[in-house]
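Letter by letter, the chains look like this.
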Amino acid sequence: MSEVLVLVDHADGAVRKTTAELLTFARRLGSPSAVFIGQGMDSARSFLQQYGADTVYVIDSSDVSDYLIAPQAEALAQLVERSQPAAVLLTSNAEGKEIAGRLAIKSSSGVITDAVDIAAGNGGVSTEQSVFAGNYTVACTVTHGTPIITVKPNSTTPQPAPGAAQETRVDVSISDAAKTARIVERKERAATGRPELTEAAIVVSGGRGTGGNFEPVEQFADALGAAVGASRAAVDSGWYPHAYQIGQTGKTVSPQLYVATGISGAIQHRAGMQTSKTIIAVNKDEEAPIFELVDFGVVGDLHKVLPAATQQVQARKG
Amino acid sequence: MKIVVCVKYVPDATGERRFNADNTVDRVGVDGVLSELDEYAVEEALQIREVAGGEIVALTVGPEEARAAVLKSLQMGADAGVHVLDDAIHGTDAVGSSLVLARAIERQGPDLVLCGMASTDGGMSVVPAMLAERLGMPQVTFASEVTVDGSTVRIRRDGDTATEIIEATLPLVLSVTDQCNEPRYPSFKGIMAAKKKPVETLTLADLGLSSTDAGLDAAWTRVDSFAARPPRSSGTIVTDDNGSAAAQLVDFLVGQRFI
Ligand SMILES: Cc1cc2nc3c(=O)[nH]c(=O)nc-3n(C[C@H](O)[C@H](O)[C@H](O)COP(=O)(O)OP(=O)(O)OC[C@H]3O[C@@H](n4cnc5c(N)ncnc54)[C@H](O)[C@@H]3O)c2cc1C
Ligand SMILES: Nc1ncnc2c1ncn2[C@@H]1O[C@H](COP(=O)(O)O)[C@@H](O)[C@H]1O
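Chains as they are written, first to last, in my numbering: chain A, 2 to 319; chain B, 108 to 366.
Since the hints were derived computationally from the structure, they do not count as laboratory data.
Check each hint, because a few of them may be wrong.
Claimed, not checked - Calculated pairs, EDC-like style, for lysine to aspartate or glutamate (alpha carbon to alpha carbon, straight line, at most 20 Å):
no.	chain 1	residue 1	chain 2	residue 2
1	A	K305	B	D331
2	B	K296	B	E213
3	A	K278	A	D296
4	A	K305	A	E216
5	A	K278	B	D320
6	A	K180	B	E289
7	A	K285	B	E307
8	A	K188	B	D358
9	A	K188	B	D348
10	A	K107	A	E200
11	A	K107	B	D320
12	A	K18	B	D267
13	A	K107	B	E213
14	A	K318	B	D358
15	A	K18	A	E197
16	A	K318	A	E189
17	A	K278	A	E200
18	A	K180	B	E274
19	A	K180	A	D61
20	A	K305	B	D320
21	A	K188	B	D265
22	A	K180	A	D67
23	A	K180	B	D347
24	A	K305	B	D358
25	A	K188	B	D320
26	B	K296	B	E157
27	A	K188	B	E252
28	A	K285	B	D347
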């Protein structure tokens, strides 16, 4: 069975849930080989084992981790050359897509981004994506080289399937050209204690209608164990950090439940949430376009509805 | 400083967007615009030119109509335009587009290649990285703040979990987000001046390429089918009378097992 390379998305060995999703998809195509770049393999080992990595390639060199993108693409290209995998899977975030782009050119391979489903087709690996702000679904096939595919978070439910996680240390040679963009400073964002936005099962978001007061949004989110998001209008007003913006130029989320409060539902916002399973909106304007998307809508003032709902949720939970 | 800014002509996101019978995006029969996210790249180029001096060339690869993207860039203040126009390019994938763009960029020999963070149609965010790879340049991408100091470029990049400061030296490929600046509207003077600015039109052959390098048949990915997403079935909408809605909302959440 041929290998499928999965680039592990982690912070110092703390592996993100998306990697489990990639490993789950990888098993459909062949034998998953995790590629672990950087430090912290000791903390990552049991996770990779649990989700079915048969092999783990460990590349632990500061040449790769201190620089941006290009060295990771070089390292992966060398592994692709060596193991001739059936596919390479990466997480669909800024970094994953860029590594995929460089890798495609290096390995003369077709690339697909933002897949939400993957299957082993007859003519090669086939994928499904959601395009044009979620208004269309397209099916694609990579027809040349090694299929390089970035997968959107929350596209599948991770399924544990113990793997051997046989470790192989890999030495890669990183060219000087790849080391020309350097990370000179890095500030981790303070943890909020809430679930990661793109991985959360429930997202509650606020827009211009909050008037700058996100407290009711945050409290409702906490009652539901949800992540908090924001519209661009709220971000541009300086009410909430850009890292939490949902939409075309922010994050794309696809949770089980999305609650939009004080958000009108512009096309660019929809682009980031339209594929959510269940959608709820609270908006005081019954004509707001967001109501076209909802499973349940409340025409009302979020500053009244949310605090009351928060209280009742807490009461029901006891 | 010589800057090439890559500008894409895309179907207007606020209008109808659709596919052709050959599963490619309809770029001709619908309203098109300069990709809004590339306006930020043009604006950044203008601001860098204000500090470092030099020349800005706006480059597009696309059908006849794509000339509008170059024109808008010229109206904003770019100095010259290049339009790669060839029927053979129809249906190209990102790999093919990046090859055509790279060849056209090489002819200009720029110090800086500027791109938007993503095209608003395909939205792959891979072309800047592909250009960097093809041109043998470093890439600093998704910049939310750019400072150019001599040949050093410093950017702020707001990632998923951290904010990073990244440094690289020219020549390089830079992509900017919509947090970077506020694109200007073309002034009347700008619109008039644009009419006299040079726009060079090139074919694949001019770039030493052919239909085996870019276009539908040369693509390394294939769109097999497309389907409009079924409309969401209309939901229940309640009006909040004297605080009645909170309980209905919570009932819905319980019914759907979210609580
Ligand atoms: C290139 C480009 C990229 C963009 N990218 C994004 C993106 O990534 N994400 C994004 O969100 N937007 C994006 N936008 C902006 C988008 O077009 C909208 O402007 C934005 O989404 C509007 O945010 P909003 O819904 O919060 O504000 P508005 O459209 O002003 O809506 C506010 C809503 O709140 C309601 N309201 C007011 N008060 C209350 C109250 N007390 N209780 C309940 N409801 C109330 C109002 O009825 C209204 O419907 C982008 C735009 C462009 C051009
Ligand atoms: N056909 C094109 N013509 C000019 N620039 C392009 C073209 N395609 C992509 N680009 C540039 O590459 C960026 C990212 O595009 P994409 O990878 O398609 O999301 C865009 O914002 C443009 O700056």
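Is the Cα-Cα distance between K180 (chain A) and D61 (chain A) 20 Å or less? At roughly 16 Å apart (the allowed maximum being 20 Å), D61 (chain A) and K180 (chain A) satisfy the hint.
So if I understand the rule, the pair passes when the alpha-carbon distance is 20 Å or less; does K180 (chain A) with E274 (chain B) pass? Since the Cα atoms of K180 (chain A) and E274 (chain B) sit roughly 11 Å apart, the hinted pair holds (cutoff 20 Å).
Are the Cα positions of K188 (chain A) and D348 (chain B) separated by 20 Å at most? 47 Å, violated
For the pair supplied as a hint, K18 (chain A) and D267 (chain B), is the alpha-carbon distance within the 20 Å limit? Satisfied, since the Cα-Cα distance of roughly 14 Å is no more than 20 Å.
Holds or violated: K18 (chain A) and E197 (chain A), Cα atoms, limit 20 Å. With Cα atoms ~10 Å apart, K18 (chain A) and E197 (chain A) stay inside 20 Å; holds.
Just to be careful, I want the Cα atoms of K318 (chain A) and D358 (chain B) compared with a cutoff of 20 Å; is the pair within it? 13 Å, holds
Quickly compare the C-alpha distance for K180 (chain A) and D347 (chain B) to 20 Å and report which way the hint goes. 58 Å, violated
Given the proposed pairing of K188 (chain A) with D265 (chain B), does the C-alpha separation stay at or below 20 Å? This hinted pair holds, its Cα atoms lying about 10 Å apart.
Assess, step by step, whether the Cα of K180 (chain A) is no farther than 20 Å from the Cα of E289 (chain B), and give holds or violated. 32 Å, violated
Does the structure keep K278 (chain A) and D296 (chain A) at a Cα separation of 20 Å or less? 9 Å, holds
K318 (chain A) and E189 (chain A): Cα distance at most 20 Å? With Cα atoms ~34 Å apart, K318 (chain A) and E189 (chain A) exceed 20 Å; violated.
Sort out whether D320 (chain B) lies within 20 Å of K305 (chain A), counting only the CA atoms. 60 Å, violated
Against the hints set out earlier in the document, violations occur for numbers 1, 2, 5, 6, 7, 8, 9, 10, 16, 20, 23 and 25.
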